[in-house]
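Engineer: If you want the building blocks of each chain, they are given just below.
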Amino acid sequence: MNRLARSLSLALLLAGTATAQKVSLTYLHGFTGPDRPVMEALIKKFNDTHPNIEVRGQAQPWGTTWQQLPALVASGRAPDVVVINEDQITGFIARGALTPLTAPEMKTAGLDKNKFFGPLFKTADYKGQSYGVPISSVAYVMFYNKDLMRKVGLDPNKPPRTRAEFLRAAQLCTVDKSGKNATQAGFDPKNLDTWGVSLYNNWVGARAAYAAILQNGGAMTDRNQNAAFNSPQAVSAVQFLVDLVQKHGVARPNATEEAELAAFSQGKVCMFPSGQWYLDRFESQKMNFGVTFMPRVGGSVRDAAWGGSSHLTLPRQPASYSAAKRRAALEFMAWMAQPEQNLAWTATGSLPTQAAVAGNPRFETAAISGIFDRLNNVYATSGFPWVGQVMGPFDAAWEAAYLGKKPVAKALNDGVAEANKQIEQARKNFR
Amino acid sequence: MTTTQAPATHAPPGTRRRGSLEPYLYLLPHAALFFMFTVYPIGYGLYISLHRWDLLNNTQTFVGTEFFRNLFTSGTPQFEFFWRTLWNTTFFTLVSVPLLVAAALGLAALLHRPIFGRTFFRAVFFMPGILTVSVMGILWRWMFDNQIGLVNAARDLMTGAPPIAWLSTEGLAWVPIVVGTIWWTVGFNMTLYLAAMSNIPHSLYEAAALDGATGTQQFRFITWPMLTPITLFVVITTALASFQLFGQSLVITNGGPTRSTQSVIQYITEEGFTNSQISSAAAMGFVFGLMMLVLTAAQFRLMARDVQSAEEK
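Residue numbers (this note's numbering), protein chains in the order written: chain A, 1 to 431; chain B, 432 to 744.
Think of the hints as simulated: they come from the structure by calculation, not from any bench.
Glycine included, every Cβ here is placed at the ideal spot set by N, Cα and C.
Take the hints with a grain of salt, since some may be wrong.
What the hints assert, rightly or not - SDA-like cross-link-like pairs, simulated, lysine to any residue; straight-line CA separation at most 20 Å: (1) A:Lys405 x B:Glu511; (2) A:Lys421 x B:Ala584; (3) A:Lys405 x B:Ala584; (4) A:Lys406 x B:Asn583; (5) A:Lys325 x A:Pro339; (6) A:Lys406 x B:Gly686; (7) A:Lys405 x A:Lys177; (8) A:Lys421 x B:Asn583; (9) A:Lys127 x A:Arg316; (10) A:Lys421 x B:Trp514; (11) A:Lys421 x B:Leu603; (12) A:Lys428 x B:Thr507; (13) A:Lys428 x A:Gly96; (14) A:Lys428 x B:Phe493; (15) A:Lys410 x B:Glu601; (16) A:Lys428 x B:Phe510; (17) A:Lys421 x B:Glu497; (18) A:Lys190 x B:Thr590; (19) A:Lys421 x B:Phe510; (20) A:Lys45 x A:Thr32; (21) A:Lys268 x B:Asn583; (22) A:Lys177 x B:Ala584; (23) A:Lys405 x B:Ser451; (24) A:Lys127 x A:Lys177; (25) A:Lys158 x A:Gly370.
Unchecked claim - Where chain A lies over chain B, by a calculated footprint (3+ residues, C-beta under 8 Å): (26) 483-495; (27) 698-712.
Looking at chain A on its own, in the form it has when it is part of the complex:
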């Protein structure tokens, strides 16, 4: 009897501790497309290998999350882990919606920021503290047509890296209907058969200008987080791109993204800078193309390309929030960011977040690996809370300059003036 009671109470005790230890986490993310099953498989794998933690994933469109998160945080009902994208994250940090990941916490969880591509991890940093762990990344790259390059005497295995190489390639590739290229006398830019490079007016097109500005040592904002994309470095970098249309005639004026995409697919354009997300499309078309990092068109200060990313973050929780949940959430984040999981995630078309993954043999023959030598130079629009206020006017400035509606310096100055007026007002929200 006594023994029975003792073993019974022991069993109860064990059961009790087991349920007490089992931590349940809610995890909100915006991977609602073809990437959703990949994310759900990863969550399942985590749950299967971590008996003490149960993560319940919830997918909903990004925009809905941006609208709901403030209300969820304010009412103390925020999910335990939320994925936030690079253009939103600093805004949420500045408004106090997220909590910093302290150095001891990261150490305990086994998160080593040095293993990630530097600028990518820094995307979620603000005022010296880290707020997020990158798990997904896209970037601006340059696709190029190997057949066209070979045809005009360029080595398709050595895509241009510098401004001079790039301009030369673009000029050789721009051929008019009589067969003359842009470097030859009698070249007729009005009657072209193939173009050197694609530029166009929408926000994706504006990301080439963003890269050029960073490459020339410019920046989008200054130390006070005011818009500053009208620095002399920025003007000179953007001027080079506009000259490709207006002076050199190697890029089409008035182009749209769709038209350039079609032209590149049909072998009418040599170089097509755009998001790496078009990779699938060109691969399925069986094109003979290469992918390289955006050449240094803006200047020679550094390599740079625009990139977008998604970060695992911990929202602000009420004071009663359990420490066990936070520990479990950090464990989940660290696990999700590990090379093995990140490698699995690249099946969605995401770029590796860390060198250990980029070095995987799986990528050896993949076209995308053409940019892996410079993945450490991918920069997001982040670090200032008013990304919309800066990038909106910037995209408009690029459009005006590219379409020839305004001289480059005026377009950028107008954009900065507009952005700074908007920022002045937005600042009042953060007092």
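Once you've looked at the hints, dock chain B against the given chain A.
Structural biologist: Chain B alone, transformed into the frame defined by chain A:
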């Protein structure tokens, strides 16, 4: 006898039920929804527009009419873009409403007659309306693409003329938006006109024909006046819908080039959700909403007079 039997009927109607809850209970479901989804949001929107509102802030600072004043203070981005996009929207309305009404009336006049394949054509013109704005937008963006668009290709084929940069030329960028909108929505107005036309007594036309009225005269003196009430309805609803221009310009031109086709609703959305200036966007919403109210009231008064005089004839 009778007087003693029926005192209740002599009481004014409703007296017996004074204080009764019953009618209010019938009203309650609608009233509850009305308060929950109309009155309360309007009130809360007003509160938001008068504060520097951010759910994440512990204090929602009261700023009074600051965001309203921004709209009337030259030099602020809100002043510049609100009025510019309002003008864009007004321009769109001024161009598209007459076209939409005229095209709907014309199509209805054609398809009202017993022509061959009438049902088929009615369906053809009505069908685009069932598409979502994104499908319709992408379709017309492709049609008018500067380089690969069907319109430029047709021009090239027929006249050999160089392509027109529809999507990146200010002014011209309205063409795909207006044409697309007409294609998309004309069927609805057409259906309304068709219904109204079938309500006109046939005897009127017979009498007119006996008096020797031509087809044009019949339309001018019978059809058009008899359609005045439905025209009032069509003009007001079309104008209101046009002022709410959003999806078409968003998908076809994204408000470009250089904001020339950005609609006021698109700008309010940008201010609220891209710039995270919810209070400012709320203030704009109120000003714009008020304008729509005044406009509708004015239009109603103006055209109600026509309807009345048409009915008196």
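Engineer: Hint by hint, say whether it matches the structure.
Structural biologist: Structure-based check of all given hints:
no.	hint	result
1	A:Lys405 x B:Glu511	holds, 19 Å
2	A:Lys421 x B:Ala584	violated, 43 Å
3	A:Lys405 x B:Ala584	violated, 25 Å
4	A:Lys406 x B:Asn583	violated, 26 Å
5	A:Lys325 x A:Pro339	violated, 24 Å
6	A:Lys406 x B:Gly686	holds, 18 Å
7	A:Lys405 x A:Lys177	violated, 28 Å
8	A:Lys421 x B:Asn583	violated, 40 Å
9	A:Lys127 x A:Arg316	holds, 17 Å
10	A:Lys421 x B:Trp514	holds, 17 Å
11	A:Lys421 x B:Leu603	violated, 30 Å
12	A:Lys428 x B:Thr507	holds, 15 Å
13	A:Lys428 x A:Gly96	holds, 15 Å
14	A:Lys428 x B:Phe493	holds, 12 Å
15	A:Lys410 x B:Glu601	holds, 19 Å
16	A:Lys428 x B:Phe510	holds, 18 Å
17	A:Lys421 x B:Glu497	holds, 15 Å
18	A:Lys190 x B:Thr590	holds, 18 Å
19	A:Lys421 x B:Phe510	holds, 12 Å
20	A:Lys45 x A:Thr32	holds, 19 Å
21	A:Lys268 x B:Asn583	holds, 18 Å
22	A:Lys177 x B:Ala584	holds, 18 Å
23	A:Lys405 x B:Ser451	violated, 71 Å
24	A:Lys127 x A:Lys177	violated, 56 Å
25	A:Lys158 x A:Gly370	holds, 10 Å
26	483-495	holds (count 5)
27	698-712	holds (count 7)
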